[in-house]
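A.B. asks: Below are the chains, spelled out letter by letter.
Number of protein chains: 2
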Amino acid sequence: MPDDRDRPTQSAPRDPDDAQHALERVESSLRRSDRVGVERELERELDRLHPADVAYLIEALPTADRLTIWQHIKSADSVIDSGAVLLELSDGVRESLVASMTPDEIVSAVEALDADELADLAPDLPPRVLDRLSGELTVEERERLRSAMSFPDDAVGARMDFEMVTIRDDVTLEVVLRYLRRFDALPDQCDQVFVVDRHDRLLGSLPLDRLLINEPDTAVVDVMRTDLLTLRPEDDAGEAAQAFERYDLVSAPVVDELGRLVGRLSVNEVVDVIREASEEAQLSAAGLREEEDIFAPVGESIRNRAPWLLLNLVTASIASFVASRFEHTVGRIVILAFLMSIIAGIGGNSGNQTMTLIIRALALGRIGGTNVRQLVVKELTVSVLIGLGGGVIAGGFAYLMSGRLAIWPVMAAAMLANMLVGAALGMIVPLTRARFGKDPAIGSSVLLTFATDTLGFLIFLGLATMVLL
Amino acid sequence: MPDDRDRPTQSAPRDPDDAQHALERVESSLRRSDRVGVERELERELDRLHPADVAYLIEALPTADRLTIWQHIKSADSVIDSGAVLLELSDGVRESLVASMTPDEIVSAVEALDADELADLAPDLPPRVLDRLSGELTVEERERLRSAMSFPDDAVGARMDFEMVTIRDDVTLEVVLRYLRRFDALPDQCDQVFVVDRHDRLLGSLPLDRLLINEPDTAVVDVMRTDLLTLRPEDDAGEAAQAFERYDLVSAPVVDELGRLVGRLSVNEVVDVIREASEEAQLSAAGLREEEDIFAPVGESIRNRAPWLLLNLVTASIASFVASRFEHTVGRIVILAFLMSIIAGIGGNSGNQTMTLIIRALALGRIGGTNVRQLVVKELTVSVLIGLGGGVIAGGFAYLMSGRLAIWPVMAAAMLANMLVGAALGMIVPLTRARFGKDPAIGSSVLLTFATDTLGFLIFLGLATMVLL
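Chains D and Y, in that order, give the protein sequences.
Numbering follows the numbering used here, with no gaps: position 100 of the first sequence is 100.
Numbering follows the numbering used here, with no gaps: position 45 of the second sequence is 45.
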């Protein structure tokens, strides 16, 4: 069925810095005092931009300027596809712009979107608007919207689109070429057309390059690929992304349990999946729940950051309470107070190295049943060796600071022991979480720091009490 | 010029978990006692795999097993393309396998590779072998190899390939279709053919979908795209990747200063660029210089991890030395010893949140000249509010532990102050590094922790000395 979408395509820039320059010009336009002049300059700058660049511009500007620009974009005479811009925006910014729109404005902005795109926006749309939009869809489109919304965000089903060109296997390439000429446009990132039987079951794929290099009288069945990677809607999008990376794919078919073609995953979604996973890892490592719009209200930022800081405050307080059981020891040898944080810190840092490597190896599927033992032996060996070296140095420092020779072995032994604690937990925590099907990265660092702080204090002050008092 | 590569293409698996299952079977094959049986089973399992899957298998196995498998792969009767496998391996593993090969074996493994692929392997090949390979290339290929090796790894020039199909603008689509039929294969991820003049200057591009949907008698000049993103070899690969993400590109032309087409960047390289950047960020956040093969020798792991741990040991020792100037105060009120690490920790954690968000905003190009002031105001406001809340809680805890009411405001004020230190440095360090064209992420966290530890101890113990003694 020929695709009938004929959105005006805004142009991609000729050079990757283009959007950056447009931002500078728009910023200075917005500083103009006359409203009409602002409007005219915005039109000149914005209307030639790709929706993704418009979205970038909006995100780089403070809230008031965003609304000025958005006012221009949703006006009737703007050629910018406001639905496409909404798709490209991050969640927080999108929500705030949608909040500034009337139901009619929202409907006219997004009604041209495909079902899979609408599904991406759905969580940010008012339910009443969503019902109205859904009512305007064809039965097939409504079914697709329902399907796309029914999968979690990390499933292939939520990431796939429905823009597939399908052909039968009993025709010649000549017929396929003539058929394709009836389209106004092929789907984005279309590198293959899918070969299906009359029940829509996937038989294979005809890559465009095979279509182009073979003679027109060749039959599809003679040149189609049958060894292609097929996904299921419930597959994990991250694993699908690894397959795309490994086999350098541009698109892959998605089939249901009966082998019927139900969708297509394309590399642009895969790039988003990879980027999002990487962002999430970076943010959650710093205890942030989500990306923060730099101009977000202060209240939102506090909600984003405070819970983790509070959790850390609690664990640090517990560690400090545990350490305070040695008040008598520290009262006698005050210098221990200043040395104990060195022991706690090195255990956390070293454990964090181990944990990072384990989490990465798990993500790459490199840790299986048989190699865990070797891994454990290696990590402990590395920790013992670095711990011995570091312990001798730190012990020397402790001796210089305190003038007590007996503190040297205490410091060295405590450092070695706490590095082993760090290495052990750096392995146990992510491996255990992974074993129970949980994301090995989440929460692991808080637990690790808690353990290396508390046990670091305990080991060091405990040893000091035994040896030095 | 028709492409003459006709490597046997190994098949992609039908399902993303396929490689995982193959690994399990290969692991059990390797445990067999009879050498011939091992060899036969390896052949059955490995020969049907994609080179990327073979590489995955090798990386998941211990060193001895790797060599057994590699022995099989480089044997004359294996159908596996050992050059393609080498390309997919991570640097450390590749080096160790190359080290096990004779010069002749290396040459026969990699001589079928393209210039850009050879350039990727070059750093791991013995210089004499590289000279020999280079001598076997055509003049054009040798020039490409030289060019690809002359760019740093993060430049488009090091990432581009040379597999371009070019046409003239004065022909019809019919001529293009006939021309393409002369090829044995089109380049991987070929979504467009480039339109050049007789001096190889890029005039535009004919996307394959435009070739397919338009009538054969249409002239190329009437349907070619002229508004396409063009890259330069010296462009930053990360910025090019952002452009691919924004505009959902599959490939982009690379031109020299005269506008001549010199190469092509494709989305599979872009995916690698994004993945590598994300890995680097994760590893360097934990103070690791590079990815560590889990079966790497212990010495290599120590070299990878010890420098950063040593640096942290030094900064922690300095912070502890600074704090020890307050030995008299702590000697009088021992409980301070256990509270000071809470102050240091919260400042580091909070500063790390700010720093992570700033580094991300910088990477996305969202921080420009005019919005820095707003950003600073917002970050400080958030820190003051969380600092006040957290300070009151932590002060209450300090009061409960010490029984001294006067410690409450000391604890609260020190926490607030150290959170402001963290927020300020979390902004200043990455912004300053970025201003001087340096990577804002590298080294920032060590500097931040050093400052929040040292100043946290100073502020808390200084205030305590003034108020409580």
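Be aware that a few hints might be false.
Stated by the list, open to error - Label pairs and their computed distance ranges (CB to CB):
#1 Asp197(Y) <-> Asp169(D): 35 to 45 Å
#2 Thr138(D) <-> His199(Y): 16 to 26 Å
#3 Arg40(D) <-> Asp197(Y): 36 to 46 Å
#4 His199(Y) <-> Glu257(D): 32 to 42 Å
#5 Val467(Y) <-> Thr102(D): 28 to 38 Å
#6 His199(Y) <-> Thr218(D): 30 to 40 Å
#7 Arg198(D) <-> Asp197(Y): 45 to 55 Å
#8 Arg198(D) <-> Arg132(Y): 53 to 63 Å
Source of the hints: derived by calculation from the structure; they are not laboratory data.
Glycine included, every Cβ here is placed at the ideal spot set by N, Cα and C.
A.B. asks: Could you run down the list of hints and mark each one as holding or not?
C.D. replies: Against the structure, the hints:
Our hint of 35 to 45 Å for aspartate 197(Y) and aspartate 169(D) holds, since their Cβ atoms are close to 41 Å apart. For the pair threonine 138(D) and histidine 199(Y), the beta carbons lie near 51 Å from each other, so the given range of 16 to 26 Å is not met. Checked against the hint of 36 to 46 Å, the C-beta distance between arginine 40(D) and aspartate 197(Y) comes to roughly 38 Å, which is consistent with it. For the hinted restraint 32 to 42 Å between histidine 199(Y) and glutamate 257(D), the CB-CB distance of approximately 56 Å leaves it violated.
Look at valine 467(Y) against threonine 102(D): about 58 Å separates their beta carbons, and that is not inside 28 to 38 Å. Checked against the hint of 30 to 40 Å, the C-beta distance between histidine 199(Y) and threonine 218(D) comes to roughly 37 Å, which is consistent with it. A hinted range of 45 to 55 Å for the beta carbons of arginine 198(D) and aspartate 197(Y) is consistent with their spacing of about 48 Å. The beta-carbon spacing between arginine 198(D) and arginine 132(Y), approximately 57 Å, falls within the hinted interval of 53 to 63 Å.
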